[in-house]
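Visitor: So the chains spell out like this:
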Amino acid sequence: MATLDLGIDASVAEAPARKGRRTGLLFWMAIGWMMSVFAVAIFADMLPLPSPTDMDMLEKRAPFSAEHWLGTDGLGRDELARVIYGARISLIVGLCAPIIGLTLGGALGLVAGYFRGRFESVVVGTMDVLLAFPPLILALAVTAYLGQSILHLTFILGLLGVPAFMRVARAATLTLARREFVIAAQALGATHARILLRELLPNVMLPLFAFFLLAVAITIVAEGSLSFLGLGVPPPISSWGSMIGEGRESLEVAPRLAFIPAIAMFLTVLSFNLVGDTLRALTDPRQGAL
Amino acid sequence: MLTFIAQRLLYLVPVLIAVSLLTFLIASLLPGDLAYTILGDQATPEKVAALRHDMGLDQPIWIRYFGWLGGILQGDLGRSFRTGQTVLQAVTERLPISLELMLLAEITALAIGVPLAIICAARSGGPFDRFMTGSAFAMLSVPTFLSAILLIYLFAVELRWLPATGYVPFSEDPAKNLRFMVLPALTLALAEWPGIMRVLRSDMIATLQEDFIALAKAKGLKASRILFVHALKPSSLTLVTITGINIGRLIGGAVIVETVFALPGIGRLLVGAITTRDLIILQGVVLLVGAGFVLINFIVDLLYAMLDPRIRHGHA
Numbered sequence: 013m014a015t016l017d018l019g020i021d022a023s024v025a026e027a028p029a030r031k032g033r034r035t036g037l038l039f040w041m042a043i044g045w046m047m048s049v050f051a052v053a054i055f056a057d058m059l060p061l062p063s064p065t066d067m068d069m070l071e072k073r074a075p076f077s078a079e080h081w082l083g084t085d086g087l088g089r090d091e092l093a094r095v096i097y098g099a100r101i102s103l104i105v106g107l108c109a110p111i112i113g114l115t116l117g118g119a120l121g122l123v124a125g126y127f128r129g130r131f132e133s134v135v136v137g138t139m140d141v142l143l144a145f146p147p148l149i150l151a152l153a154v155t156a157y158l159g160q161s162i163l164h165l166t167f168i169l170g171l172l173g174v175p176a177f178m179r180v181a182r183a184a185t186l187t188l189a190r191r192e193f194v195i196a197a198q199a200l201g202a203t204h205a206r207i208l209l210r211e212l213l214p215n216v217m218l219p220l221f222a223f224f225l226l227a228v229a230i231t232i233v234a235e236g237s238l239s240f241l242g243l244g245v246p247p248p249i250s251s252w253g254s255m256i257g258e259g260r261e262s263l264e265v266a267p268r269l270a271f272i273p274a275i276a277m278f279l280t281v282l283s284f285n286l287v288g289d290t291l292r293a294l295t296d297p298r299q300g301a302l
Numbered sequence: 320m321l322t323f324i325a326q327r328l329l330y331l332v333p334v335l336i337a338v339s340l341l342t343f344l345i346a347s348l349l350p351g352d353l354a355y356t357i358l359g360d361q362a363t364p365e366k367v368a369a370l371r372h373d374m375g376l377d378q379p380i381w382i383r384y385f386g387w388l389g390g391i392l393q394g395d396l397g398r399s400f401r402t403g404q405t406v407l408q409a410v411t412e413r414l415p416i417s418l419e420l421m422l423l424a425e426i427t428a429l430a431i432g433v434p435l436a437i438i439c440a441a442r443s444g445g446p447f448d449r450f451m452t453g454s455a456f457a458m459l460s461v462p463t464f465l466s467a468i469l470l471i472y473l474f475a476v477e478l479r480w481l482p483a484t485g486y487v488p489f490s491e492d493p494a495k496n497l498r499f500m501v502l503p504a505l506t507l508a509l510a511e512w513p514g515i516m517r518v519l520r521s522d523m524i525a526t527l528q529e530d531f532i533a534l535a536k537a538k539g540l541k542a543s544r545i546l547f548v549h550a551l552k553p554s555s556l557t558l559v560t561i562t563g564i565n566i567g568r569l570i571g572g573a574v575i576v577e578t579v580f581a582l583p584g585i586g587r588l589l590v591g592a593i594t595t596r597d598l599i600i601l602q603g604v605v606l607l608v609g610a611g612f613v614l615i616n617f618i619v620d621l622l623y624a625m626l627d628p629r630i631r632h633g634h635a
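Keeping their order, the protein sequence lines are chains H and R.
Under this note's numbering, read the first sequence as residues 13 to 302, first letter to last.
Under this note's numbering, read the second sequence as residues 320 to 635, first letter to last.
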C-alpha cells in the first residue's frame, strides 16, 4: 500500500504545478491576441484600410500585394479590411449576447438560489423548457421569424445563454448562502437586498465571470455558424462566419478566402476558451484538481 | 424503478406541453404574417383577410393553439403551402438520413475518444497525455463548419479521395452511401471526441485511485485488462450524463453539416424552410426536433438510473 500511496501523492502534487507552468505563457499569449483583436476592432475606422464593402470587379481574388495585404475576395473587396470589420461583428455579438445572459441569468440564479421555494421551482422549470430545444435550432427558428439583423442575433443568442448562467449563479449561491458570513449578516439584521447585493453578489461574480468568457467563445461560434449558413448578419456586412461561407465557394481556386477568417476565428475562440478555463480552474478548485 | 419511471413520465408531460407552447408562440407572436407570406407582398387586403379567415388566423390565439395541438395529437402537423407535402411526410422521408449521420458520427467519436481517454488516464501527466489534452482543448475551439471546410479542402479538393457533396440512399447502394457519409460523419465526430475524451479521462483518473484497482493490480492482472474491464464501466457514468447535452450539440451540428455537404436530412429541411419562408414546415420541424430531444433526454435519465442506483433513490 505504501508504494501505491506514494504514487498518488506524487501525481496530485505534480498536477497543479504543471498547470501553472502550462497556463503561464499560453495564458498571456491568449490575452495578447484578445487585446490585439479588440484594438483593431475598436480602431478599425481610424486604420488606413480600404473600405470592406467597396467592390472592384477587375481585381477579383487578387493575391497578396502592397495595396491589398491579404488580397481581395470573390467580389474584389479587401480581405484584410473585411477580416478586421468582421472582428467587430464577432466581438459585438460575442460580448453583448453573454452580457444579456449574465445579467438575466445571474439575477435569476442568485434570487432563486437565495430564496429557494416556489420561485426557484418556477425559474428552474422555465429554464428546463428553454433547454429542451437544441440551441442552434431555436436560434434558427427565431431569426427566421424576426428577420436578420445584428440586434436580433444578439438578443436571441443572449436569451439562449440565460439558462446556463442561471445554473452557474444558482449553484454558487446555494453553497454560499449556507456559509458563516451570510448567516452572520442575517443575524445582524441585514435586509435581503443587502445580503444579495453586498454579501452574495461579489462572491458569485467570480465564477460567473469565468463562465462569461467561455460563453463569449460559444457565442462567437454560434454567430459564425448562423452567418455561415447565411442566416446571421445580413450582407454586405462582413462577419467571419459569412466570409468562411463565401470562401467555401472558391475553395478550389482560392482556399485562403476561407482560411484567413477561419484562422482569425479559431485563435479568438481558443483565446477566450483558454482564459475562461484558466479562470474557472482558479475559482473552482474542486474541478481544477481533476 | 417503476416509481422513478412514473415520476419522470409525469414530469415529461408539462415539459412537452411547454415545448409545443413555445414553438407555437415563436410562430404566432413574432412579426411576419403567414397570409402575406403565402400570397406575396402584392396581395390585396381583401384576399389576405379571406385567407386569414380560411386558415383561422383571425381567431384568438389560444383557440388557434388548441386547434393546432388537437391536430398534432391526431398526427396532423399541417402541410407545406410551397410543396404540398405534409410535415410528417417530409420529416419521415429525411429522418433516416439525419439519424444515420448522427449514429456514424457518434460511433466514430467514441472510437477516437474512448481509447485516447484510457491511454491518457493510464499515463496521466505524461507527454502523450499532455499532448492529447492540449489537442482536445484546441479542437473544442474549432467550430463544426470550420472542420467541414478543412476536411473538404483536404480530402475532396486536394487529395480528391472523397466527394465533397451529394447523397445516395443506403438502400440503393450501401457502399456509395457510406462514401458520401464519411466526410460529414467525420466532421461531426471531430467536434464530439474532445468532450468524450475529457470527461472519460478525468473520471478514469479518479477511478484508478480506488481500492479495487489497487487490488486488481495486486492480483497481478494485466494493465490492459484492468483499464478496459475493471475501470471503464465505473468511469463512464458522467459520459452517460452528458449524452443529453451532446445530442443537443449533435443536432445543431447536423444542421450545419447537412447544409455544407448537401445531405437531404432534417437539418437541410429546416434551413430550406427558413430560406423559402415555409413557416408550416419550420414550425413542425422545430416542434418535432424539440419533442424528440426531450424524449431522448428522458431515455438518458432512465439509462442513468439503471446504471447508478443512487439516482433512482433520490441521492444525487
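Read the hints as simulated data drawn from the structure, not as lab findings.
Any given hint could turn out to be false.
Unchecked claim - Computed footprint of chain H on chain R, listed as stretches where at least three residues anywhere in the stretch have a Cβ under 8 Å from a Cβ of chain H:
hint	region
1	381–395
2	418–429
3	542–553
4	573–581
As the list claims (entries may be wrong) - Derived DEER-like restraints, expressed as beta-carbon distance ranges:
hint	chain 1	residue 1	chain 2	residue 2	range
5	H	Ile275	R	Ala494	48 to 54 Å
6	H	Thr138	R	Pro553	53 to 59 Å
7	H	Glu264	R	Val548	47 to 53 Å
8	R	Val501	H	Glu264	16 to 22 Å
9	R	Phe456	H	Ile195	37 to 43 Å
Note that this is a predicted model, so its numbers are computed, not measured.
Glycine is no exception: its CB is placed at the ideal position from the N, C-alpha and C atoms.
Visitor: Give a verdict on every hint.
Guide: Results of checking the hints against the structure:
no.: 1; hint: 381–395; result: violated (count 0)
no.: 2; hint: 418–429; result: violated (count 0)
no.: 3; hint: 542–553; result: violated (count 0)
no.: 4; hint: 573–581; result: holds (count 4)
no.: 5; hint: Ile275/H x Ala494/R: 48 to 54 Å; result: violated (36 Å)
no.: 6; hint: Thr138/H x Pro553/R: 53 to 59 Å; result: violated (35 Å)
no.: 7; hint: Glu264/H x Val548/R: 47 to 53 Å; result: holds (49 Å)
no.: 8; hint: Val501/R x Glu264/H: 16 to 22 Å; result: holds (20 Å)
no.: 9; hint: Phe456/R x Ile195/H: 37 to 43 Å; result: holds (39 Å)
Going down the numbered hints, you'll see the structure goes against 1, 2, 3, 5, 6, while the others check out.
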